[in-house]
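J.: Each protein sequence line maps, in turn, to chains A and B.
According to my numbering, the residues represented by the first sequence are 3 to 332, in order.
According to my numbering, the residues represented by the second sequence are 3 to 332, in order.
Treat the hints as calculated values from the structure; they're not laboratory data.
Be a bit skeptical, because a hint or two may be false.
When chains are identical, the list treats them as one kind, so a pair holds in a single copy or across two.
Said to hold, decoys possible - Derived pair list, reagent style EDC-like, types lysine to aspartate or glutamate, alpha-carbon separation capped at 20 Å:
| hint | residue 1 | residue 2 |
| --- | --- | --- |
| 1 | 130 | 261 |
| 2 | 225 | 127 |
| 3 | 197 | 304 |
| 4 | 197 | 330 |
Source: prediction; values computed, not measured.
Chain by chain, the residues run as shown.
Number of protein chains: 2
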Amino acid sequence: MPRALPFLALTLGDPAGLGPWVAAAAARHPGVRRRARPVLVGDAVFLRQRLFRTALFHPLKKIEDYSATPGVVNVLNVPAPLGSLVLGRPQAAGGAAAVSALRAAASLAARRQVAAVVTAPVSKESLKMAGSPHPGHTELLAALTGARRVEMLMAAGPLRGLLLTRHLPLKDVSRRLSAKEIVAGVRLTDAFLRKKTAKPPRWVLCGLNPHAGDNGLLGHEEKRVVRPAAEALRRAGVRLEGPLPADNAWARHAAGDFDAVACLYHDQGMIPLKTLYPKAVVNVTVGLPWVRTSPGHGTAYDLAKDNYLRADPSATVAACLLALDLAEGK
Amino acid sequence: MPRALPFLALTLGDPAGLGPWVAAAAARHPGVRRRARPVLVGDAVFLRQRLFRTALFHPLKKIEDYSATPGVVNVLNVPAPLGSLVLGRPQAAGGAAAVSALRAAASLAARRQVAAVVTAPVSKESLKMAGSPHPGHTELLAALTGARRVEMLMAAGPLRGLLLTRHLPLKDVSRRLSAKEIVAGVRLTDAFLRKKTAKPPRWVLCGLNPHAGDNGLLGHEEKRVVRPAAEALRRAGVRLEGPLPADNAWARHAAGDFDAVACLYHDQGMIPLKTLYPKAVVNVTVGLPWVRTSPGHGTAYDLAKDNYLRADPSATVAACLLALDLAEGK
Chain A
3 MPRALPFLAL TLGDPAGLGP WVAAAAARHP GVRRRARPVL VGDAVFLRQR
53 LFRTALFHPL KKIEDYSATP GVVNVLNVPA PLGSLVLGRP QAAGGAAAVS
103 ALRAAASLAA RRQVAAVVTA PVSKESLKMA GSPHPGHTEL LAALTGARRV
153 EMLMAAGPLR GLLLTRHLPL KDVSRRLSAK EIVAGVRLTD AFLRKKTAKP
203 PRWVLCGLNP HAGDNGLLGH EEKRVVRPAA EALRRAGVRL EGPLPADNAW
253 ARHAAGDFDA VACLYHDQGM IPLKTLYPKA VVNVTVGLPW VRTSPGHGTA
303 YDLAKDNYLR ADPSATVAAC LLALDLAEGK
Chain B
3 MPRALPFLAL TLGDPAGLGP WVAAAAARHP GVRRRARPVL VGDAVFLRQR
53 LFRTALFHPL KKIEDYSATP GVVNVLNVPA PLGSLVLGRP QAAGGAAAVS
103 ALRAAASLAA RRQVAAVVTA PVSKESLKMA GSPHPGHTEL LAALTGARRV
153 EMLMAAGPLR GLLLTRHLPL KDVSRRLSAK EIVAGVRLTD AFLRKKTAKP
203 PRWVLCGLNP HAGDNGLLGH EEKRVVRPAA EALRRAGVRL EGPLPADNAW
253 ARHAAGDFDA VACLYHDQGM IPLKTLYPKA VVNVTVGLPW VRTSPGHGTA
303 YDLAKDNYLR ADPSATVAAC LLALDLAEGK
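Based on the provided sequences and hints, a complete structural model is requested.
T.: Here it is, written out as structure tokens:
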């Protein structure tokens, strides 16, 4: 008898957005099913009402009741009060449903019942409306697992971008940077990447300013913060170049000179990743006791109401495949 | 008798950097010579000493003395005190030579003796050391020509990125943004692009913050400045979407949805352009009475001393070809 495929949990995210659709599409994807037994985690009644045209949903009370029947999509039922949910906009009910599903999935992962968790998108607004003290999935997962530190690593094809600050207004990035935080973030992620590679990964650290500050003419953060962080990282044995101008760092990463780019702010990483791989950006949480990935896009409320079948689940499929790679130590 | 090819001026930029090499290489490039009579503008003695292995330099006192002999590179001689120049670092002599060459080229362009000017890179540091009150070529050209407003449009392949702020520390971008400046910059560039296209160009305007501010959760500039600017532009007849998250805007520009991206800060435009076209980014100055382009890279002091022959003049060749397109109204 062949070894059973691992279970893979996929939360539905905010049900008012594209989450249920992309999660269900990924759970039906042959490439995913070849490697795992995918289980959606969320409200099964809502799923059946919303997506009955796309699959046969099989609700489970416990994961062992998984049905391997072709065409069937298994759902670990996490009931949520979604009777008056309005598609296509943030609201408390959507945020609350996303949190419940995430808790259920985290509990499966903690008990090693699933190999990894893939989370469909939630919006910061709906989380806030639901009263969550955590601005996003990443912070919520850190709190749920008691992780001391988590990092957001964005992956697309062979590219890797670590976001050393995350969801901050751009004007606040400069004062939030510190050499200590840069060092801690890169070291944690370096250890994470080393688990998968024979050689230490080759990093490049971006500067903050145009031309990485042009020797102080265009800003002082490079001299005061970024360069000292780079030097401390090199002393600690991290194989790292920089700080380099961000455009140069990314061009050289795309050309294969580096394995990962350490980015000082959200768009410094997201712009090149999305431009090169518009449909395949995956968000990986580094620092959790188990593997979690998600598609690197938002709820896409604008598509959720009428056009969800035109939306592309590729990033969620990519998130599943990368999660399985990571769970297998690849 | 066939119509004579137009003259094209190429300044040497900072002679301590890669400028002389990339300019001379572009002036010898068959694709450039097929369409123009390229003339280097700078110190002919320095060029001969430095690059005698790469070409036969023919010094001109006036442009009419151009030699069409194959293999010969013509140089409009602008003597500069470069006897003690040290290759590979910024210094006053290098900045001063770049300014003299630019003045000479601007004078040729003003008298319509050249179809366009392509400038090799200068560093902000050497300009400052030379006592220039202007931080870069673009500002210097605005002063030389009396242009009321100039814009920096970056081009690479089919991509166009307008940089609405330029060489500013990142932390200062937020307070330097204004709806009035965004509107003026996009309108000037829109008029420039319309000269070349039958249909009005399709613009997208980027937001400043992650997720374009996520409805105010991640910054307020979108609501206060960027959205009002977008609405004013649409009222003025500019075909423009946005503000969109910058990663989304660039992904859709790369996919062909837009003709140009209006970027709020330097790296918002430079990162995707350099990542997609590492060797072909061209800087176009919008708002001058004549055409000026330059390669979208710096002096590369690190390569200038010993490794200049390994450097790639592709961006300067691209700058020449785009300058000729623009001069011909293409």
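J.: Just pull the numbers of the violated hints for me, sorted ascending.
T.: 1, 3
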